[in-house]
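Using the hints, position chain Z against chain Y.
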Amino acid sequence: MSLPWTEKYRPRRVSEVVGNEEAKKQFEEWIRGWERGSPTHKAALLVGPPGTGKTSLVLAYANETGYDVVEVNASDERSGERLKSIVGESVRQSTLGGTRRRMILLDEVDGIAGREASGGVATISSLLKSTKIPIIMVANDPWSQRLAPLREGALMIKFNKLRQREIVNHLKKILSAEKISLDEGVLEEIARRSEGDMRSAINDAQLLVSSRVEPEALLEIVGQRDRQKSSFTVLGEIFSSTSAAMGRNAVQGADMEIEDIMLWVYDNIFNQIHTPSALAEVLKLLADADLNYSRVKKFQRWELLRYVAPVLGAAPGIVKNLYGEKGARFEFPTHIRFMQQTREQRQNIQSGLAKISVKCGLSRVKAATEVLPFIRAMIRKGETGIIKYFSLTEEEVAAIIGPERSVAPQARPAAKAAPAAQKRVTRAQRPRGARRSL
Amino acid sequence: MKSGLALQETIPWIEKYRPRALAQIIDQEAVVNSLKTIVSTRSVPHMLFTGPPGVGKTATAHAFASDLFGERYVEDGHFMEINASDERGIDVIREKVKGFARTIPIGGVGFKILLLDEADQLTAEAQHAFRRVMEQFSATCRFILAANYSNRIIEPIQSRCAVFRFRPIELEHISKAVERIARGEGLQIAGSAVEALYKVTEGDLRKCINLLQAASTYSRKIDEALVYQVAGVVWAGEVRRLLEQAIAGKMEEVRNSLRTILYVNGASERDLISQIYRDIFYLSIPEKNKLELLSLLGEVDFRISQGANPEIQLMMFLAHLYSASKPGK
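Quick mapping for you: the protein sequence lines, in order, are chains Y and Z.
Per the numbering used here, the first sequence runs over residues 561 to 998.
Per the numbering used here, the second sequence runs over residues 456 to 784.
Treat the hints with care, since some could be wrong.
To be verified - The calculated lysine-lysine pairs, modelled on DSS-like cross-linking and capped at a C-alpha distance of 25 Å, are:
id, chain 1, residue 1, chain 2, residue 2
1, Y, K844, Z, K745
2, Y, K915, Z, K471
3, Z, K551, Y, K919
4, Z, K471, Y, K919
5, Y, K739, Y, K718
6, Y, K915, Z, K551
7, Y, K844, Z, K551
8, Y, K844, Z, K471
9, Y, K739, Y, K602
10, Z, K743, Y, K739
Worth flagging that the hints you see were computed from the coordinates, not collected in a lab.
For reference, chain Y alone in the conformation it holds in the complex (with noise of 0.2 Å):
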């Protein structure tokens, strides 16, 4: 076989990326913030299942607009110390002057989550923080629990399957290119069965093409690829278990880790399933399959883990049907969106603590539980004096009066003195659901 047509037909240009046209905008966008010194966020996550096209989207842009990209592959073990090593060479040579542009490519980076993970992860996210230079993360999985530390301050750019009539056309270009034909309905089939991954649709058809068999016998052959189940999936068999061996099964074939399932299992259940006394009882189980979980992680005793998959995966499902709890969409696990949308207030209210604690002379924790809530009622009263006294910054002060409005009618005098806080307080961000007001 001469020449991977994956990579003879790999775009050289942007507009050559087939579909996920507001993916490849966001990723413009981003890259130009870099190109003024203004990035929005160091780095950028590519995330969607193989074959969508999102390491082409960085070497075919590197390749329009003059980068070298220096590709390191995360599942690599030593993958942070050589992912520091770059970083910081890229730095001295940019201030070297005369260099071409460089970003760093981080493949596979959901390929960490194995075995030295937390280093790795751990070595990574602060090199984001601190990077000269663009570093780009390619994930198929983007929910995996380890990776938290890389989701937060990267920007995360989603891709999508591809439309089958989007692979057919493209496979036609390749074809004529290559000057051969193909019936279109051979073509759609390829499409169809590459359930939108573009890679290996044009695989494919390449093998197709150069086996010379005849397309029927050939599509036997190949067959269709085990795609990995989606969360969905898993989540679909789980809540619709009805014995404890279809929960076990539901479990454990799962190409998910046992935390990934518990959060995803977790959060939906408060879509699926309304009556108290039910979730009542699921929470019991759940929180029984997440003590043996956690002790299986403590103790390191992995025999215990056969106590966990069978009622992680059933207890929905049973307790779901027990009650005829109809269910809804399922949906991202909402824990994930919450720290997203409160990080913002998080980090205010962990730089406002660390200067009470100093002045204090009190650890970050107790700074929190015994201070805190005093500082918030008198800020909330119109105390501005307080603020002084720790040199809190307006952010920080929004982050821990909260979205509550200050509610008495006599604060108001107060109130002109603290016009920072009140302006920001309807500004501040509100965590989904939070409460209004008293």
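What follows is chain Z alone, placed relative to chain Y:
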């Protein structure tokens, strides 16, 4: 609030009225007397201060150092405070101790004092490592460890320390402290208000003073009702609302409130659990069900300390609170 003061700093009263010398420490007579003797002889042992929060352990350590070294005990490098729960691991603590205890300042008493606050936050392994640090630097440094519970401090450390037990502060001492502040701040405070302060803060003077200051932003005239009102705003506010949402069966709201408390406000699970514990007694649910809830909360507390997921475990508890609040059960 007086206008015109708007641009001035308001010093937290816990700082403003912090004791500057052993003689100003409230209550704790036995402890203070022994420490005064130690100051006069200048033969200072390693010490372990134990007792509930807000009874003056840290303040006493500072006052002791001030009596021993003079008012500039920190600036002149005689004294350093490390908080165990803020440091990342024993290695960081060891490095800090090393940097501090390497030299002896001129004009001192031949050694320095290092206060390790919240020492019971260190794991047993870390405490063993810290014990070695104590031995290594005992020629140039004396250690004061402060902890809520002495039984969470490993025996080898306890045996190397003089142990001072701080008692919860009694009402009459709390009211003396409150009256002194009221005089200083020009507050009018009712006798029943002092009792209310004492009751809701359970002899924790820090909380008591903080609450008094928060109440003073509502009115210069402080009565019993105001104390309870402000206490409600300050603490019970969030946790009580969480429990009420659970009793009303609004589980999605419960989840969001729980997340805000756990992840945004920076409080520890342990404090949330303690607050829930206190609130259970006041809930209007059948008494027998309270007992079951208390046992369940104990289970949740233990599970979380063993590494289980706090949100899932607490959510489980809160969902059971709903069932327990129904009399039919």
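Legend entry - Agreement of Y/K844 and Z/K471 with the hint, judged by alpha carbon distance not exceeding 25 Å: Between Y/K844 and Z/K471 the Cα gap is close to 48 Å, so the pair fails against 25 Å, i.e. violated.
Legend entry - Distance restraint between Y/K739 and Y/K718, which requires alpha-carbon spacing of 25 Å or less: Distance of about 35 Å is beyond 25 Å: violated.
Legend entry - 25 Å Cα cutoff - pair Z/K551, Y/K919: holds (19 Å)
Inset, instruction - Starting from Z/K743, check that the Cα of Y/K739 is at most 25 Å away, please. - result: Not satisfied, since the Cα-Cα distance of roughly 83 Å exceeds 25 Å.
Inset, instruction - For the pair supplied as a hint, Y/K915 and Z/K551, confirm whether the alpha-carbon distance does not exceed 25 Å. - result: This hinted pair holds, its Cα atoms lying about 20 Å apart.
Inset, instruction - Verify the proposed pairing of Y/K915 with Z/K471, using a straight-line Cα cut of 25 Å. - result: This hinted pair holds, its Cα atoms lying about 17 Å apart.
Legend entry - 25 Å limit on alpha-carbon distance, applied to hinted pair Y/K844 and Z/K745: Holds, at roughly 18 Å.
Legend entry - Pairwise hint evaluation, Y/K602 against Y/K739, where the allowed Cα distance is 25 Å at most: Judged against 25 Å, a Cα distance of about 44 Å means the pair is violated.
Inset, instruction - Below or equal to 25 Å on CA atoms is what counts here, so check Z/K471 against Y/K919. - result: holds (12 Å)
Legend entry - Distance restraint between Y/K844 and Z/K551, which requires alpha-carbon spacing of 25 Å or less: violated (45 Å)
When each numbered hint is compared with the structure, violations occur for hints 5, 7, 8, 9 and 10.
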